[in-house]
Each structure stands twice: as C-alpha cells, then as structure tokens.
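**Student:** Residue numbers (the numbering used here), protein chains in the order written: chain H, 1 to 402; chain C, 1 to 253; chain R, 1 to 280.
Keep in mind that a hint or two might mislead.
[To be verified] Here are some of the chain H residues that sit facing chain C, going by a computed Cβ distance under 10 Å: (1) 49; (2) 50; (3) 51; (4) 78; (5) 87; (6) 90; (7) 254; (8) 257; (9) 258; (10) 260; (11) 263; (12) 264; (13) 265.
[To be verified] Pairs of lysine to any residue residues, derived as SDA-like cross-links and limited to a Cα-Cα distance of at most 20 Å, are as follows: (14) 217/C - 57/H; (15) 228/H - 397/H; (16) 98/H - 122/H; (17) 214/H - 227/H; (18) 397/H - 56/R; (19) 92/C - 272/R; (20) 7/R - 90/C; (21) 98/H - 116/C; (22) 3/C - 82/R; (23) 397/H - 232/R; (24) 206/R - 81/R; (25) 217/C - 50/H; (26) 361/H - 328/H; (27) 181/R - 81/R; (28) 56/H - 222/C; (29) 241/H - 400/H; (30) 51/R - 400/H; (31) 176/C - 143/C; (32) 249/H - 237/H; (33) 34/C - 134/R; (34) 397/H - 249/R; (35) 214/H - 146/H; (36) 249/H - 56/R; (37) 169/H - 134/R; (38) 3/C - 95/R; (39) 397/H - 237/H; (40) 96/H - 121/C.
What the hints contain is simulated information worked out from the structure, not anything from laboratory work. None of these values were measured; they are calculated from a predicted model. Heads up, the beta-carbon is just placed ideally off N, CA and C, and yes, glycines get one too.
Listed here are the chains, written in short residue letters.
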Amino acid sequence: MKNIFYYLVLIILIISCSSHQEKTEISNNSWEQVSEIAKGETVNLMMWKGDPLINKYMSDYVVPELQKQYGVTLNIIEGQGNSIVSLLMTEIETNKQKSEVDMVWINGETFYQLRQINSLYGPFVERLPNSQYVNWENPFIAYDFQQAVEGYECPWGNVQMAFIYNSDKVQNQPMNLNELEIWVKAHPGKFTIGNEFTGMTLLKSWLIYLAGGKDSLSGKFDVEKYLKYSTQLWEYLNRIKPYFWNNGKSFPSSIAQMHQLFANGELWFTMSNNDGEVDNKMIQGIFPESSRAYVPETGTIQNSHYLGIVSHSANKEAAMVICNFLISPEAQFKKMQPSVWGDHTILSISKLPVGWQQKFKEIPGRKYTPERADIQDKALMEPAPEYMIRTFDDFRKEVMEK
Amino acid sequence: MIKKSLYPILAIVLVLPMIVMFYLSLVSHWSFPKIFDVSISWSLWAEMFSGNSNILQSALLSLFLSTIIASTATFFGFFVSQQLSDRNLFLKLSYFPYLIAPVVFGAMLQFYFTLIGLSGSVWGVLLAQILFVFPYSVLLFSTFWNERIRQTAFQSMTLGANTWQVFLTVLLPMSKPWLFLCFVQCFLISWYEYGITQLIGVGKVETLPIKTMLFIKEANPHLAALSACIMVFPIVLFLIVNRQLFLKREIIG
Amino acid sequence: MTNDMKKGILIGTYFILTIVPLIMGLGYSLLYSFGMAGLMNNGFTFEHWQKLLANSELFITIGYSIYITLFSLFFILTFALLFSWWLVLKKNNYVFNLLFLPLAFPPLIAAFSWYYILSPAGIISRIVYYFGMTTDISDFPRLVNDDYSVGIILTHIFLIFPLFTILFIQQAKKERMYSLKEISFTLGSTKNQFFLKVFMPLLLKKTAPLILLYAIFLIGAYEVPLLLGQSSPRMITVFISDKMTRFNLQDIPQGHAMAVTYSVLIIGITTLFIRKIKTV
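Please model the entire structure based on the sequences and the hints provided.
**Tutor:** In structure tokens:
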C-alpha cells in the first residue's frame with residue numbers, strides 16, 4: 001500500500017514535468033499561417049469579471065463567434081491588475097515555459113509593470129489585419145498612461161469617466177471641487193469614492209485639475225509635482241471625508257458594490273470609468289429610472305483599455321486571432337450598443353468601409369449621458385503610471401487610515 | 001420568563017441565514033425597502049438545471065475534488081496514524097500545517113506550485129488541499145488507535161490470526177464509524193475551501209466556493225444565493241440524518 | 001523489507017507531505033521579505049520589515065485580529081455557557097436540534113447571509129422600516145463594514161457558539177452535572193453559586209484545548225472579515241492577501257513579511273496548545 005503511495009507521487013511528478021512542444025518562431029508567419037495554426041487552440045484570457053453585462057457580451061457573443069468563425073476556444077479567468085502581474089512574475093521567477101494565462105485585459109499601470117518584467121509579447125498589433133481601421137491618430141488610443149503602445153498591447157475600447165447621480169434627489173450637480181464640498185456637507189452619507197480602480201481614476205482627475213488642468217501632469221512622473229498637489233488633495237479629502245457614506249470609515253472595495261449601494265438608494269452618486277455605463281445599466285433595469293450621468297468642469301480622464309499577449313504563452317497565434325476579432329468592425333459595433341456594453345470603439349469611423357460607417361452612425365444615441373462629442377473637451381489624458389501607484393498607496397495612508 | 005422568550009429568538013437567529021439564502025435565490029429587483037412585494041420566480045433555479053449554467057459544472061467539480069480528497073486522506077490517514085501513535089512528536093507536528101490559515105499557506109507555497117507546473121490545475125488544487133487535510137485525518141485517527149484497539153489486535157494475533165486477517169476481521173469493523181466520520185469531515189473541509197483553491201487554482205479551477213465568491217464580487221446576490229444554496233442544502237440534509245457525525249469535532253476540532 | 005523499514009518509509013513520506021511544505025513555504029516567504037527572492041528584489045535588505053514596522057501597520061493588524069478573536073470568543077463562550085445551562089436537562093428541545101444547523105455552514109456563506117441580514121439595505125433594516133421605526137435607509141445603524149466589527153463578531157458567534165453549546169451539554173452530562181448540582185444544593189449553595197463555581201470552571205477547563213484551537217482559527221479568519229470588514233484596520237489574512245495582489249508590486253515583500261510573522265505567532269500558540277492537550 002505504500003507502493004500505491006509512491007506511484008501517486010510519481011504520477012504527480014510526471015504530469016508536472018511533461019515536456020512542452022517547442023513552437024517555431026511565429027513572427028515570420030503570414031496571417032493565413034497564423035489563422036491556420038490558431039484553429040483548435042484554446043486561449044485563456046484573464047480579465048476583470050466584475051460586471052455581469054460585460055461578462056455576458058463575452059460569454060454569449062465573443063466565445064461562440066470565435067468558435068464558429070475561427071475554431072478557437074476562449075476561456076475566461078477572473079483577474080485584474082496586480083494579480084495578473086504577480087502571477088506572471090511568479091511564472092518568470094520559476095522559468096515556466098508555458099503560461100497559465102495567454103491573454104490579459106489591461107491598461108496603464110499594469111501595462112507598465114508587465115513591460116518592466118518583460119512579460120508581454122510584441123510587437124504584434126500591426127500584424128492584425130483589422131489594425132488598419134484603428135484610430136491611431138487619437139492620442140487617447142495610441143498612448144496608454146503616457147507610454148507609447150508600440151504594438152505590445154492592442155486597443156479594445158475607449159471610455160471616459162463620468163459621475164452618475166440620481167436626478168430625483170440631486171437637483172444641482174456639483175461641477176467642481178468647491179461645489180462638491182458644499183454638496184456633501186449638505187447631504188452627508190450620500191457620496192463616496194471607491195477604494196479601487198475607478199475611485200483612483202477620479203483622484204487622478206482631481207490631481208490633474210489641482211496641478212493646473214489638461215496636460216499639467218503629462219510626461220514622466222514628477223515626484224515634486226505629485227507631492228505638492230497630492231498634499232492639497234489629501235487635505236481636501238480629509239475635510240470632506242466625515243460627510244461621506246459611512247462617515248468615511250470604510251470605502252467600497254469594488255465598483256460593483258458602489259453600484260449596488262447606488263441602486264439601493266444608499267448612495268445618491270456613483271461613478272464609472274465608462275461614460276456609456278449609465279445607459280447600459282438602465283436598459284438592463286439595474287439602475288433607477290432617474291439615473292443620469294455627467295462630467296464635471298474639473299474634467300475627467302478618458303482612457304483606452306487594451307489586450308496584451310503573454311510573452312511565454314503557448315497559444316500566441318490563437319491569441320492574435322482573438323485580438324483581431326475583437327477589434328473587427330463587427331465586434332466593436334456590437335460592443336458599442338448601449339444595450340450590450342456601451343463601450344466606445346477604438347476604430348476610426350472614417351477608415352471603415354462605407355456600410356459600416358453608416359451602421360456606427362446609427363448606434364442608438366445615449367439617452368441619459370452626454371454624447372461623447374460634448375464631453376471630449378473635458379477629457380484628460382492619463383498621467384504616467386507611477387501616479388496611479390502612488391495615489392492608491394497614499395490614499396490609504398493619508399486618508400483612509402487617518 | 002426571559003429564558004422562554006430567548007428560545008424563539010435563538011431559533012430565529014439559527015435558521016435565518018438559510019431562509020435568507022433561499023429567499024434571495026428566488027427574488028429579483030430587490031431594491032430597498034421591498035420585502036414581500038417582490039417578484040418571486042424559480043427562473044434562476046430552472047436555468048441552472050437547464051444545462052446552460054456553470055453552477056452545476058462547478059458543483060460537479062467540487063464533488064469530484066472533495067471525494068478524492070476525502071478518500072485519499074481517510075485511507076492514508078488511517079494507516080499513517082497507526083504508525084504514528086507511538087511517536088508523539090510527529091503527531092504533534094501534524095497540528096502545524098492544519099492550523100495555519102490555508103490562504104496564507106497557499107501564498108507562501110505558490111512559488112513552488114508554479115515551479116513544478118501545478119498552478120492553475122486541478123491536480124495542483126488537489127495537492128494543495130491534501131497538504132492540510134491529510135494532517136487532519138491523521139489527528140482524527142490518532143484517537144482511534146488507543147491501547148484497547150492495540151490490545152485487541154495483539155490478542156487476535158496471539159490467537160493465530162495473520163496481519164491481513166486482523167485487519168479485515170478486527171480492525172476494519174471496529175474502525176468503520178471512524179472511517180465514515182473522517183471521510184465526511186475531510187469532504188466538508190474540501191467542499192467549503194476557498195482561500196487556497198483561489199490562490200493555487202489561479203481562478204481557473206472553478207469550484208463552488210470560487211463561483212459563489214465571483215457572484216458576490218459582482219454584487220449579484222441572487223446568483224450568489226443560488227450557488228450558496230447548492231453548497232449548503234445537501235450538507236444540511238445529510239446533517240439531519242447524521243447529527244452525531246458533526247459532533248466529533250470535539251476530538252481535535 | 002522489514003516492518004520497521006516500511007514504518008519508516010511511511011512516516012517519512014508523511015513527514016515530507018506535511019511538515020516539509022510548511023518549512024519550504026516559510027523559508028521562501030522569509031527570503032522574499034529580506035529581499036533575497038522574487039523578481040523585483042535586489043539583495044538582502046531590512047527595508048521591507050522596516051516599512052511594515054514603521055507604519056505600525058504590523059501592530060495594528062495583529063492587535064485588531066486579537067481584538068476580534070477575544071471578543072468573539074468571549075461572547076461565544078458566554079452564550080454557550082448560558083444556553084447549555086438552560087438546555088442541559090431538556091431532551092429534544094427544538095432549540096437544541098436547531099443548534100446543529102450552523103455546523104453545516106462555511107464561513108463564506110455565513111458571511112454572505114449575515115451581510116444581507118445586517119446591512120442598511122438588508123432584511124432587518126427593511127423590517128424595521130416596514131414598522132415605521134426608520135424613515136430612511138441611512139437611519140439604520142451600521143452593523144457591517146463598521147468601526148466595532150459588529151457584523152464580523154456576530155457571524156463568528158453564529159458559526160461557533162452552537163458547537164460549544166452542544167459540547168458543553170455533552171460534557172456536562174459526562175461529568176454528571178446533575179448529580180453534582182444535587183450535592184451542592186444539599187450542601188447549601190445557590191443556583192448562581194453552582195453555576196459560577198462549579199459548572200462554568202469545570203466545563204471551561206475540560207474544553208480549554210478546544211477553545212485554544214478555535215482561538216487559532218479565529219485569528220486566521222479570512223472570508224468573514226473579507227466580506228464584512230472595514231478597509232482599515234484589516235485582519236492578518238486580509239492584509240496579507242491585499243499586499244500580495246493589489247496595486248503596488250513593491251508591497252509584495254511586506255505581505256510575505258506579515259505571512260512569516262503570522263506563521264511564527266501561530267506556531268507559538270500551537271506549541272502552547274500541544275503542551276496542554278493529552279496525547280493518546
């Protein structure tokens with residue numbers, strides 16, 4: 001019976017040490033060859049799964065279409081930001097030949113950290129046939145947190161942050177920091193900032209505003225500027241914190257939680273990185289009828305989100321096919337529907353074939369949030385990734401723990 | 001009497017979570033302050049059984065994992081414990097891996113799991129769970145292997161029985177309740193495990209607890225409640241039939 | 001192969017499967033916390049430990065975990081003693097049967113259910129609103145994600161006090177509490193005196209190892225504080241998983257340092273525990 005034990009251990013070791021087939025270098029293959037190799041491959045995509053509607057777009061549309069049109073199987077795993085980076089870090093530390101994850105949904109500071117540890121494959125974006133339609137002229141797409149994309153990540157969607165509020169309860173939306181301060185003092189417990197990605201994006205918008213507005217923080221991370229303006233920001237936040245939800249004693253740790261508090265009526269404000277989200281959530285009946293969105297005068301950050309391919313993935317061909325599909329006019333069109341996701345496209349409408357141009361123009365307009373053209377002038381570019389990292393850290397130290 | 005009024009309150013406290021779970025799995029549009037004027041429908045339950053949903057898939061995966069863990073741990077725990085009851089040091093050392101919070105244990109070991117290529121796989125999760133379920137079963141059986149059992153076995157041998165006969169006709173019948181108990185307890189530990197499964201499985205091994213937590217993160221109480229019901233109801237049913245099994249935790253917790 | 005050799009191999013394999021991983025894991029975390037392992041690390045440094053100690057985050061986190069553990073245990077044992085005292089003579093009282101229910105609940109599900117019972121948008125709040133005792137959702141007191149961690153403590157009580165109640169009842173029967181009570185009454189003591197001087201101490205003493213065991217479990221609680229706790233302070237396990245998986249890569253060594261601290265703490269308490277129990 002101890003023999004059985006030994007065999008068990010042996011089996012486990014054998015499975016773990018099974019040799020991996022070496023793939024020939026793929027950078028010289030033509031697209032036809034890539035598509036051919038991709039057939040039958042399975043790709044693991046790690047992405048944030050905190051929004052049921054995005055999950056539905058993936059599971060009900062993307063996954064079946066990929067199977068049908070290209071014979072590629074897409075598997076989605078939950079993971080975001082730092083958990084992606086620490087996973088890939090551990091894999092590189094252990095010299096893993098074949099990654100557990102082939103594709104990642106990322107932007108900004110995650111892109112920055114992944115490039116630091118050389119865990120992204122590229123450049124690959126130019127090889128995608130559909131990249132000819134991408135709006136590379138738009139700096140909000142070609143640059144990710146002030147870093148040139150350089151073909152190492154493929155743009156997927158573009159969003160601008162917006163405040164969402166309950167128009168039945170909020171008559172005069174606060175348009176700047178002063179007005180917000182007055183408002184929360186008059187209505188304690190109805191506003192808060194999430195201790196997560198969207199909340200940090202708002203804080204960065206405010207940092208840029210305090211530093212002097214558009215482009216004031218562009219370029220490389222400037223620690224002096226950061227310290228100067230973040231001090232002002234923490235002072236402001238600590239002043240209004242006692243009037244936040246839960247007296248500022250705790251902050252929602254996920255955007256889903258904040259949306260729920262808003263839907264329940266506990267909060268009269270929530271926010272979203274996606275200006276199209278309010279339409280999306282209202283069509284689905286999740287937000288109350290009186291929800292509306294707006295962008296304050298202080299401006300909000302517009303950014304694009306991207307897909308990357310892991311450097312030691314064994315299924316790079318299939319991953320490229322998937323990227324190409326996701327930036328196809330067909331998939332981008334579907335994604336932009338307010339009833340599906342409402343995520344703005346990264347394609348340049350004028351570069352598309354005429355038939356598609358027409359279709360994009362006819363996408364139902366937003367009913368509850370301003371049109372993108374109307375808020376474009378208030379769009380701020382993402383500052384360098386270090387700002388995000390420091391803000392997250394210091395928000396905890398200077399505000400949450402005070 | 002205070003006592004008399006406390007009993008119903010206690011009863012409500014004990015039963016409320018299950019009722020709430022079941023209720024949440026049936027309602028929709030559950031905005032404040034609705035309690036009863038909500039739409040009740042079995043649609044989530046129906047969808048789950050229709051084959052489309054992956055809650056059932058997760059349940060099957062959990063069932064598979066937990067059965068293997070419980071069988072392996074029970075089987076080997078029985079024999080290892082027999083050898084160990086003379087050596088108190090090893091027995092005492094068994095407490096350590098069992099008592100460290102699985103999530104911390106997993107965080108410290110993740111490097112090694114990736115190194116041997118087991119991270120993100122069912123095998124990896126199996127190995128990770130065995131690391132702390134196995135000591136538990138050894139500790140559990142250590143209370144079975146007492147003097148009396150040894151004397152009985154010894155006496156049978158002096159009467160002419162060989163090792164195999166002693167095992168089959170003496171030890172096995174006597175240990176049946178313990179084997180059953182150990183299997184159930186190990187099964188439960190694995191069935192409910194979240195922390196280490198999430199870390200070593202990298203989210204790819206979607207057991208029922210992982211699935212439930214995903215729904216909770218999505219702030220979807222209805223699907224989370226449904227998943228929770230699937231996790232808990234079978235256990236409660238089993239409990240009603242086998243109450244005493246759950247009490248043996250007093251032995252080592 | 002002789003019996004002794006077989007024995008040796010079996011025990012050896014068991015040792016490899018249980019103790020060795022713990023040592024390996026601790027070793028890796030220790031190295032990582034001193035900058036000697038990990039992709040981003042640059043060589044031996046005290047930097048990460050210093051950061052951990054400088055913000056007193058280490059002490060706050062451990063202190064908070066101990067606070068939760070002690071308070072939870074206090075209420076668990078108090079309720080368990082009271083209810084076992086009241087229920088010990090009642091056979092098949094319906095409440096006694098219901099006590100078995102929480103034993104089937106895992107912490108994750110208990111936390112989830114109690115969140116939707118206790119939160120401002122939860123069941124109790126809605127009932128209270130229905131009876132007109134509150135007029136707005138924010139009138140309801142904060143019981144989850146709150147300063148005093150009421151939700152966490154209540155959930156721990158729900159999960160553990162039934163077990164102790166049942167155990168105390170069983171133990172009381174084993175110790176023939178009823179006869180002891182009779183004897184002490186004939187000797188002139190009152191009910192209260194008996195409870196305080198005989199019932200309580202005897203039961204607590206007999207179950208001391210188990211109480212210590214549950215103290216260790218509570219210190220390492222994860223799912224309950226994850227769902228019901230505040231952003232700060234955090235319990236040890238939440239702190240560790242936060243540092244290892246949220247925004248700042250430079251924080252990972254601190255997570256490992258805390259993992260080492262926690263492990264040493266648990267190993268210390270466990271050693272105490274082992275000395276207390278009677279080994280078979």
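**Student:** Please go over all the hints and tell whether each is borne out by the structure.
**Tutor:** Going through the hints against the structure:
A distance limit of 10 Å between C-beta atoms decides the matter here; for residue 49/H the minimum to chain C is near 6 Å, and the interface restraint holds. Checking residue 50/H against chain C by beta carbon gives a least distance of about 6 Å; that is within 10 Å, so the hint holds. Interface hint status for residue 51/H: upheld, as the beta-carbon distance to the closest one in chain C is roughly 7 Å, under 10 Å. Evaluation of the residue 78/H hint against chain C yields a held restraint, the C-beta minimum of about 5 Å falling below 10 Å.
About 6 Å separates the beta-carbon of residue 87/H from the nearest beta-carbon of chain C, less than 10 Å, and the hint is met. Contact between residue 90/H and chain C, as hinted, is supported at the beta carbon level, the nearest pair being about 5 Å apart and thus within 10 Å. The criterion of a C-beta within 10 Å of any C-beta in chain C is met by residue 254/H, whose closest approach is roughly 6 Å, and the hint holds. Hint on residue 257/H holds. Least Cβ distance to chain C is approximately 5 Å, under the 10 Å limit.
The restraint placing residue 258/H at the interface with chain C holds, with a minimum CB-CB distance near 9 Å, inside the 10 Å limit. Annotation: interface hint on residue 260/H holds; nearest CB of chain C at approximately 4 Å, less than 10 Å. A hinted interface residue such as residue 263/H counts as satisfied when its beta carbon comes closer than 10 Å to some beta carbon of chain C; here the least separation is about 6 Å, so the hint holds. This hint holds: residue 264/H has a C-beta 5 Å from the nearest C-beta of chain C, less than the 10 Å allowed.
Of the supplied interface hints, the one on residue 265/H holds, with its beta-carbon coming within about 5 Å of a beta-carbon of chain C, less than 10 Å. The straight-line distance between the Cα atoms of residue 217/C and residue 57/H is roughly 18 Å, inside the 20 Å bound, and the hint therefore holds. At most 20 Å may separate the alpha-carbon atoms for a hinted pair to count; residue 228/H and residue 397/H meet this at roughly 16 Å. Using a Cα cut-off of 20 Å, the hinted pair residue 98/H and residue 122/H holds, with the two alpha carbons roughly 17 Å apart.
The hinted pair formed by residue 214/H and residue 227/H meets the criterion: a straight-line CA distance of about 18 Å does not exceed 20 Å. At most 20 Å may separate the alpha-carbon atoms for a hinted pair to count; residue 397/H and residue 56/R meet this at roughly 11 Å. With a C-alpha separation of about 11 Å, the suggested pairing of residue 92/C with residue 272/R holds against the 20 Å cut-off. Using a Cα cut-off of 20 Å, the hinted pair residue 7/R and residue 90/C holds, with the two alpha carbons roughly 13 Å apart.
Proposed proximity of residue 98/H and residue 116/C is supported: the alpha carbons are some 12 Å apart, at most 20 Å. With a CA separation close to 10 Å, the supplied pair residue 3/C and residue 82/R stays within the 20 Å bound. A hinted pair counts as satisfied when its Cα atoms are at most 20 Å apart, and residue 397/H with residue 232/R qualifies at roughly 10 Å. Note on residue 206/R and residue 81/R: the hinted pairing holds, with a Cα-Cα distance of about 13 Å set against a maximum of 20 Å.
For the hint pairing residue 217/C with residue 50/H, the CA-to-CA distance comes to about 6 Å; that is within 20 Å, so the pair holds. Note on residue 361/H and residue 328/H: the hinted pairing holds, with a Cα-Cα distance of about 16 Å set against a maximum of 20 Å. For the proposed pair residue 181/R and residue 81/R, the alpha carbon gap of about 15 Å is at most 20 Å, so the pair holds. Taken as a hint, the residue 56/H and residue 222/C pair is honoured in the structure, with Cα atoms around 16 Å apart against an allowance of 20 Å.
Distance restraint check for residue 241/H and residue 400/H: the Cα-Cα separation of roughly 9 Å lies within the 20 Å cut-off, and the hinted pair is therefore satisfied. Simply put, residue 51/R and residue 400/H have alpha-carbon atoms about 18 Å apart, close enough for the 20 Å limit, and the pair holds. Restraint check: the Cα-Cα separation between residue 176/C and residue 143/C comes to about 14 Å, which is no more than 20 Å; the hinted pair holds. The suggested pairing of residue 249/H with residue 237/H holds, with an alpha-carbon distance near 13 Å, which does not exceed 20 Å.
With a C-alpha separation of about 14 Å, the suggested pairing of residue 34/C with residue 134/R holds against the 20 Å cut-off. With a C-alpha separation of about 17 Å, the suggested pair residue 397/H and residue 249/R falls inside the 20 Å cut-off, and the hint holds. For a cut-off of 20 Å, the pair hint linking residue 214/H to residue 146/H stands: about 13 Å separates their Cα positions. Proposed proximity of residue 249/H and residue 56/R is supported: the alpha carbons are some 19 Å apart, at most 20 Å.
A C-alpha spacing of about 19 Å is found between residue 169/H and residue 134/R, which places the hinted pair at or below 20 Å, so the restraint holds. Only pairs whose Cα atoms come within 20 Å are accepted, and residue 3/C paired with residue 95/R is accepted, the gap being roughly 12 Å. At most 20 Å may separate the alpha-carbon atoms for a hinted pair to count; residue 397/H and residue 237/H meet this at roughly 12 Å. Between the alpha carbons of residue 96/H and residue 121/C the distance comes to roughly 14 Å, so the proposed pair stays at or under 20 Å and holds.
In summary, this structure violates none of the numbered hints.
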